[in-house]
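J.: Single-letter residue listing:
Protein chains: 2
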Amino acid sequence: MNNRRKFLKQTLATIGTTLIGSQLLKAESILPEKSKITLQQNDVILFQGDSITDHGRNRDVLIPNDINGMGRGYAMVAASAILNQYAGKNIAIYNRGISGHKVPQLEERWQKDCIDLKPNILSILIGVNDYWHTRDGKYKGTAVSFKESYQRLLDNTLKNLPNVQLIIGEPFAVKKVKHVDDTWYPEFLGYQKVARDIAKEYKALLIPYQEVFDKAEKRAAGNYWTTDGVHTTLAGVNLMAEAWLTTLK
Amino acid sequence: MNNRRKFLKQTLATIGTTLIGSQLLKAESILPEKSKITLQQNDVILFQGDSITDHGRNRDVLIPNDINGMGRGYAMVAASAILNQYAGKNIAIYNRGISGHKVPQLEERWQKDCIDLKPNILSILIGVNDYWHTRDGKYKGTAVSFKESYQRLLDNTLKNLPNVQLIIGEPFAVKKVKHVDDTWYPEFLGYQKVARDIAKEYKALLIPYQEVFDKAEKRAAGNYWTTDGVHTTLAGVNLMAEAWLTTLK
Numbered sequence: 002m003n004n005r006r007k008f009l010k011q012t013l014a015t016i017g018t019t020l021i022g023s024q025l026l027k028a029e030s031i032l033p034e035k036s037k038i039t040l041q042q043n044d045v046i047l048f049q050g051d052s053i054t055d056h057g058r059n060r061d062v063l064i065p066n067d068i069n070g071m072g073r074g075y076a077m078v079a080a081s082a083i084l085n086q087y088a089g090k091n092i093a094i095y096n097r098g099i100s101g102h103k104v105p106q107l108e109e110r111w112q113k114d115c116i117d118l119k120p121n122i123l124s125i126l127i128g129v130n131d132y133w134h135t136r137d138g139k140y141k142g143t144a145v146s147f148k149e150s151y152q153r154l155l156d157n158t159l160k161n162l163p164n165v166q167l168i169i170g171e172p173f174a175v176k177k178v179k180h181v182d183d184t185w186y187p188e189f190l191g192y193q194k195v196a197r198d199i200a201k202e203y204k205a206l207l208i209p210y211q212e213v214f215d216k217a218e219k220r221a222a223g224n225y226w227t228t229d230g231v232h233t234t235l236a237g238v239n240l241m242a243e244a245w246l247t248t249l250k
Numbered sequence: 002m003n004n005r006r007k008f009l010k011q012t013l014a015t016i017g018t019t020l021i022g023s024q025l026l027k028a029e030s031i032l033p034e035k036s037k038i039t040l041q042q043n044d045v046i047l048f049q050g051d052s053i054t055d056h057g058r059n060r061d062v063l064i065p066n067d068i069n070g071m072g073r074g075y076a077m078v079a080a081s082a083i084l085n086q087y088a089g090k091n092i093a094i095y096n097r098g099i100s101g102h103k104v105p106q107l108e109e110r111w112q113k114d115c116i117d118l119k120p121n122i123l124s125i126l127i128g129v130n131d132y133w134h135t136r137d138g139k140y141k142g143t144a145v146s147f148k149e150s151y152q153r154l155l156d157n158t159l160k161n162l163p164n165v166q167l168i169i170g171e172p173f174a175v176k177k178v179k180h181v182d183d184t185w186y187p188e189f190l191g192y193q194k195v196a197r198d199i200a201k202e203y204k205a206l207l208i209p210y211q212e213v214f215d216k217a218e219k220r221a222a223g224n225y226w227t228t229d230g231v232h233t234t235l236a237g238v239n240l241m242a243e244a245w246l247t248t249l250k
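Residue numbers (this note's numbering), protein chains in the order written: chain A, 2 to 250; chain B, 2 to 250.
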């Protein structure tokens with residue numbers, strides 16, 4: 002760490018609580034500065050995932066940067082901040098999250114909903130349904146098959162988009178809020194580990210959402226951040242967007 | 002300015018461009034620090050206005066802090082940031098903007114949509130329709146009647162909520178984007194002056210949105226920030242939320 006950064010870190014540690022929405026401070030604790038992304042002119046950012054990413058978007062909207070096509074979730078709040086902050090860089094942002102999806106569904110629609118959009122920056126948050134849907138026995142997946150399908154998805158991605166910057170969100174759950182109880186554990190931990198391992202294997206930036214929500218629970222109860230243990234409230238949406246934005250320099 | 006603040010200001014001037022979404026830096030240029038609001042436990046914030054505030058909210062949702070009841074506009078993005086930043090303070094935030102409304106419509110629904118909600122902090126952004134609807138001759142208002150009705154609204158407010166902190170947004174228009182052309186001027190300037198004068202008269206915090214959008218046009222063209230000269234894009238939503246958040250300490 003050079004002197005300027007050391008100075009900033011010390012200063013920000015002092016003034017941290019007076020800053021609203023400062024990403025830099027929290028960034029220090031989540032991601033090493035050197036690995037962060039510097040947005041470039043004409044970058045294309047794609048948010049992929051399940052309902053947490055989808056969050057009520059109008060799926061008929063296919064153009065980038067459209068407010069109705071972005072939903073009401075973390076992707077919308079993060080996109081809104083990026084388009085303001087990086088105005089003039091002609092950034093295109095898409096949301097293609099679809100409620101209920103697991104990795105196999107992403108695989109089926111990957112050509113149309115990822116490759117064809119030619120993202121430079123691809124953010125994926127997937128996995129909670131890959132576990133959740135096994136609970137009633139109707140879906141026969143395991144943490145092992147989750148990993149295999151996730152690797153296949155990323156191999157396909159890198160084959161078609163060799164220079165894409167990957168961002169992987171750790172699937173998370175907030176215990177004791179509605180759907181999420183002790184019976185989720187330890188199984189669900191295996192799925193979280195897969196996402197973390199895959200992020201390392203594919204040199205993706207990992208957003209450790211479980212840690213983000215665990216820390217947030219020190220500030221307010223779990224049901225302040227999620228409606229059902231999995232889906233975000235208005236506060237949770239900002240919490241996730243803030244964490245996502247720490248991937249940027 | 003005490004030494005600590007002087008130090009911060011200098012430091013932030015140095016590091017400004019590395020901070021994403023830092024409100025403090027921009028705050029310096031918009032509002033004097035001493036007049037800003039310190040949020041208190043159990044504060045109730047109400048966003049009132051027209052379509053710019055409404056922005057597609059589900060009007061059947063009457064409870065505070067609900068993501069569907071907040072719309073997709075600046076009120077949603079600002080509320081989301083507040084609920085994250087001030088988690089634990091039990092803040093309640095309502096959006097009661099309604100598309101197409103002018104001050105007379107606010108007056109009609111003020112008991113139900115403002116007084117009964119008992120806000121501590123009341124944010125009003127109104128006026129663009131008070132001008133706009135006169136353009137086809139169907140609405141007979143003037144800048145003078147706008148001022149009179151706005152004063153009546155605030156007198157009624159302060160009679161019922163003597164301790165409310167008022168925030169008044171200056172109505173704005175982005176010239177040469179769709180609906181807004183030279184024929185809006187100078188008439189529209191009169192409506193903007195009313196809002197600024199009223200903010201002073203009622204000791205409200207003024208958010209100078211016209212200045213905010215004028216400055217933003219140096220970073221990207223007008224149609225990057227508004228779809229039609231009046232309504233916000235995804236970038237514009239964040240721009241406005243950012244400006245709104247400068248009212249907070």
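Keep in mind the hints are simulated off the structure, nothing from the lab.
Just so you know, not all the hints are guaranteed correct.
[As the list claims (entries may be wrong)] Simulated coverage check for chain A against chain B, where a stretch passes if three residues somewhere in it have a Cβ under 8 Å from a Cβ of chain B: (1) 58 to 70; (2) 114 to 124; (3) 211 to 225.
Every residue, glycine too, gets a C-beta built ideally from N, C-alpha and C.
J.: Confirm or reject each hint.
T.: Right, here's what the structure says about each hint:
1. 58 to 70: holds (count 4)
2. 114 to 124: n = 0 at 8 Å, threshold three: violated.
3. 211 to 225: As far as the stretch 211 to 225 of chain A goes, the hint holds, because 4 residues have Cβ atoms under 8 Å from chain B.
Hint 2 alone, counting from the list given before, is not met by this structure.
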